[in-house]
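There are 2 protein chains.
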Amino acid sequence: MFKKMLHQIRGLLLSSISFAVSPKLVTYARNPPNSSTLEVGDSEGNGYDSHCLSWRLAVEANNVRGWRTVPARCQQYVERYMTGGQYERDTELVVDEILSYVDRIVLPGDGMDAWVLDVDDTCISNVTYYKGKRYGCDPFEGAGFRAWAGKGECPAIPGVLRLYKKLIGCGFKVILITGRDKERLGQVTILNLHDQGFSGYQQLIMRTPEHKGQNAVAYKSNVRRQIVEGGYRIRGNVGDQWSDLQGEHVGDRTFKIPNPMYYVS
Amino acid sequence: MFKKMLHQIRGLLLSSISFAVSPKLVTYARNPPNSSTLEVGDSEGNGYDSHCLSWRLAVEANNVRGWRTVPARCQQYVERYMTGGQYERDTELVVDEILSYVDRIVLPGDGMDAWVLDVDDTCISNVTYYKGKRYGCDPFEGAGFRAWAGKGECPAIPGVLRLYKKLIGCGFKVILITGRDKERLGQVTILNLHDQGFSGYQQLIMRTPEHKGQNAVAYKSNVRRQIVEGGYRIRGNVGDQWSDLQGEHVGDRTFKIPNPMYYVS
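Chains as they are written, first to last, in numbering that gives the first Met the number 0: chain H, 0 to 264; chain W, 0 to 264.
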């Protein structure tokens, strides 16, 4: 019996150790079980992340604008969000919602139904680059980003690639609009997109000297105006920045892909 | 020494019990530590909530629209969100953001700077009512809501009351716009707001027969047009529904207060 008791005690000790090595214990250590912070943790995540979750929510709801960097205390949070699975889940749910909207559209068949997609962190991902910028805790730096983009190694965002293929298959004229500079990044962007499965689009519109000095909303609005003046109907518009989705001729419906790493005005 | 050892074992046993009664253990029970679901749980919350977190995020980002009820699987999630602390945290962060915007506004002092606030689940809370509607898993039902609102017992949302007092103190003309029916709920709404500390506003605008048949965007746009035609500048606009913040004359800047319980078109 004593042996059995020892065995049980050993079991309890081991289970305590398994708690001790679990990341959850960090939460307990910082937030004792009776604290209200832990209650937050219970419903929404590790207690010490609840502020960063609020911040991320406010970014996605366009309540927090014009931020230059991710708050320093949220670096680890954003890293786990982007790499731990929740970013993919959030994106997949948005894509499912877009696809159910697409399924309700009846195309008249004149070939003038357009769909606008942003490129960076909408079609293809820069998470690898932003890892080196502490997931957005370091400010944007143009030359470094261009060096990264110049490699042409941005991977497709799987959910958006799935959407893209559906749109092409349905007969939408997909128009990609990016703030990337045509002269410096035109060729590599075309190749990167092609390598990742984004082929068959109607047009890839990039920044040229004529767009110089325009912020994202103005540039993208101008481009969309030309699309509409060309006789197209913009049935949908998807981007990771609110500046992709605001201004003029935004489209019949807009969808925001999550991005807590940077903000483009 | 044996006594000390027994004491340590007792401590371990007690800490195991405290884990056993903690809601966290439910997560472990449903999601073994090695499952990918738990990884999501580690970064964003209980593993089995990660879909509902994605849904809530998509609601706040205006990606999911026109929904009639909260998904059944998210009832417990929304309950915990609304009552466990994260809703308050999310709201407080938005209010802090609004206040930092307010602090940057220079009022010309002509008394024509207006601020628009929605009422239900912006200034005062209906969470108690929605508890009886399974936190939004049951569809909206007008008579029941009017009976609840008719009691005049909606509590202030603390963060928004804090904002309200700041706005009044700064000299903004605060205009409350609500979809509540003036004839049936006018008097009790005025009293409820007053009891909860919302006094000194410029105007409370409610639905009258002239707004019949208008959806929220049309009704609120019409009302705001009259405000602007009256010479006011709408410097800010806060609501828990995207329909509060869209349409015409939305104001210089809009802010979305979280609400995963219902959707108003």
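Honestly, the hints are just simulated from the structure, not real lab data.
For each residue, glycine too, the CB sits at the ideal point set by N, CA and C.
Keep in mind that a hint or two might mislead.
Here are a few chain H residues that face chain W, going by a calculated C-beta distance under 8 Å [unchecked claim]:
no., residue
1, Trp54
2, Asp89
3, Gly170
4, Leu203
5, Asn221
6, Arg224
7, Gln225
8, Val227
Verification of the hints:
{"no.": "1", "hint": "Trp54", "verdict": "holds (6 Å)"}
{"no.": "2", "hint": "Asp89", "verdict": "holds (5 Å)"}
{"no.": "3", "hint": "Gly170", "verdict": "violated (24 Å)"}
{"no.": "4", "hint": "Leu203", "verdict": "violated (25 Å)"}
{"no.": "5", "hint": "Asn221", "verdict": "violated (22 Å)"}
{"no.": "6", "hint": "Arg224", "verdict": "violated (20 Å)"}
{"no.": "7", "hint": "Gln225", "verdict": "violated (25 Å)"}
{"no.": "8", "hint": "Val227", "verdict": "violated (20 Å)"}
Hints 3, 4, 5, 6, 7 and 8, counting from the list given before, are not met by this structure.
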